[in-house]
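Fit chain B to the supplied structure of chain A, relying on the hints for placement.
First to last, the protein sequences are chains A and B. Letter by letter, the first sequence follows residues 1 to 434 of our numbering. Letter by letter, the second sequence follows residues 1 to 434 of our numbering.
Some hints here could point you the wrong way.
If chains are identical, the list can't say which one is meant, so a pair holds when it fits in one copy or spans any two.
Claimed, not checked - Derived pair list, reagent style BS3-like, types lysine-lysine, alpha-carbon separation capped at 25 Å: (1) LYS54 - LYS319; (2) LYS200 - LYS341; (3) LYS266 - LYS54.
The hints are simulated quantities; they were obtained by calculation from the structure and are not laboratory data. Small disclaimer: the values here were computed from a predicted structure and weren't measured.
2 protein chains.
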Amino acid sequence: MILQLVITMECDILVIGAGIFGLSSAFYLKTQNSGKRVVVIDRLGGPGQGNSAKSEGAFRNLFTSETNFLLADSTIDWFKHMEEDLGYHINLSYIGYLFLLSEEQYTGQRAAFDRIRGWGAEMRVLEREELEEMIPDLVTDFAEDEEAELLGLKPVDYGVLGRKCGSLDADALTRAYEEEFLKLGGEVSYGTEASRLILKPVEELEIPGEPFVWQDTHIAGAETSKGEIKAETTVIAAGAWSESLLDPIGFDSFMRPKKRQLFAFKDPRLDGLFKVEGLNDYGAMPLTVLPKASILFRPELSEGSIWLGCADNLGRRFKLEDDPKAEEDYYTNNVYHALVKYFPCFKDVRPMNMWADQYAINSFDEIPVVTSIPRMIYVGAGSGSGIMKCDAVARVAAALHGGEEEVELYGGRRFRVADLGIHKRRAERESLVI
Amino acid sequence: MILQLVITMECDILVIGAGIFGLSSAFYLKTQNSGKRVVVIDRLGGPGQGNSAKSEGAFRNLFTSETNFLLADSTIDWFKHMEEDLGYHINLSYIGYLFLLSEEQYTGQRAAFDRIRGWGAEMRVLEREELEEMIPDLVTDFAEDEEAELLGLKPVDYGVLGRKCGSLDADALTRAYEEEFLKLGGEVSYGTEASRLILKPVEELEIPGEPFVWQDTHIAGAETSKGEIKAETTVIAAGAWSESLLDPIGFDSFMRPKKRQLFAFKDPRLDGLFKVEGLNDYGAMPLTVLPKASILFRPELSEGSIWLGCADNLGRRFKLEDDPKAEEDYYTNNVYHALVKYFPCFKDVRPMNMWADQYAINSFDEIPVVTSIPRMIYVGAGSGSGIMKCDAVARVAAALHGGEEEVELYGGRRFRVADLGIHKRRAERESLVI
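Isolated chain A, as found in the complex (with noise of 0.2 Å):
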């Protein structure tokens, strides 16, 4: 005889997925709903085991759509506060962002640095000269190379430069949010996987086949790995994952899953990237961006290393993988190529480790998207820099619980709630897209 022991728990809120995106968002639901239960599961045995503590850790608050611009500008803020007052150590570096472009890049995205000027954002442009005299190590021109030219490698005229960006620890920023939360006296409970979200007639007639078309519906809780979780609101903050629950109840996640892989260098044929006078206070190399296949890499401080990743659009599939895995094949025989021409300090270098995380890609705008349904929210589509928009998005998530209209960022501006929904979204499109 097989004994089937369900057990049934009960809380208030319950928010499935420890990320960052997730821990946030309990975070201040708890913070505004100090006398309720709220409760974070997570399949995996740690907070952002998933996808956020895998992120390349960067920030910045130069993106075209004012929307993300306010995120991400606010969400900064925050960081520093956490650092600066509320003593964490999120090892937050303001490296900053510097953008390499051809002369055509940089007219066809000059309207739009203009109008991020307006908002506010700090920002250098450096010409081709000053690049070059300021990075020895950075190739400008291949007029003379064939081989680049055979590549089809466009050439540096120009750098923007974001001040208000740079690195952090992405996997203590995740902590952080998961100790303040607990603090409240809020719960997480990992391990604990769920299977299904439940869909329940508001007025249940115990009948067999509920819920049935004509009947109105909400979310009651998730069945997990541990038992049913029945809940008076349910958040969605799975990432990537968050498909797997969602498709099952026809409800759209409005992001597709792709992988993105990162590869870590310790040598010493790169130091002259860690002696880069001008650029920043850290005397480094800021996060750097090629002008050809979004090529990106950073110095990480506390290690003298340089974490490089490839934003690959076109090419690249969606799939939604558990446990998603670098290739050295992809560095060595393709991001490679064109990654030693611009730094030829890069020769034969190979990395000492490597790994990979999953963005969650909304094509449509790239803007994070926090929308509900009765008694579910959902707080998703970070398009691969939803860390860097953590905090605004989850007081977004709140105040939508809440019923509100608006929110105060943190720093005090003010924020429509339904911009990140769906059916009144702000209508916008991001095009710093990395």
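Chain B only, in chain A's frame:
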């Protein structure tokens, strides 16, 4: 020894999908490129065999977004032209489209209806008493019916009747486009399944591993079950199946597939639905949408039957199915409960036939998508109302191919091509969704 025979075919424009979007697009592409070789392929054995021919075959020009209104209104004019001038028997029946609404629903949609009327849509508002008089089979009020109250059914206080609405033979329509396309010298190849899009570098280097991330790429055709087909332009018009081609190249299809079921009835007890005076020229019920659960039915005049469907939203999963099937239980133990309250004539009447198709739902704005990447055009996301917009959507696709910014729809109205694209898409939301 296994000999692998690779057959390569070349054409100028390859259209993947011989459904309504594929064949109508192929027709306008061939019209505008008469000297070019345009080839349509489909995995199935004939036109429209995927979802098009399984459709409810309804059309309406009542849409709350001006984009959808223009697409449908001009397409309906074209249907008339097809039947009256081109001599196709597509069984165009202006039976009308009757939305039955509660007071609350009517009030909520009133501004939208006024806007639609402003665009020129002919519409008539009927009050409860008129409806009761015209449609003896209809129950409008459940005040005395405890069971109906338990089901949470809404009363019928108003009817909004669209005039330029009705039904057609979707299969015949698809075949008509095919015939017109073939007349121009277009080619079709059935039983030809596209397995993969061919993504190539613009400048081929003939090095293993291409395309590399730093290369500009474009689509050069498709691998199919009958060999490789090289094309100058590849048009993806595979409806719900588009994602199986687009996900692997990392291009968003902006839709999720969802099964929709249809049930056909032929029974003397339903004869009253064919004896309704004053709503259309046929003395029959219009296509009728109930106030709850988007249950809808229409008379199929050619066979004296009733076709019934239901737009189950939350609770019906998003999932691509190769051959979706209707579930009898879905009618008898679900839709039926509510239907029989509004129309008791359905009591104990069983479906004589049932089938299912798949909607390709763009939950973002419920407006079709016509967009491109180099040498590829994607025409999709019909959201369940693609057939009634097919002619306009196909003209937009051909205009996009031709590099035009505007296109003339049938009847002379101008339409901005980018309105159906992604990056400069017109910001509207359709709210009259079934």
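Hint by hint, where does the structure go against what was stated? Just the numbers, ascending. none
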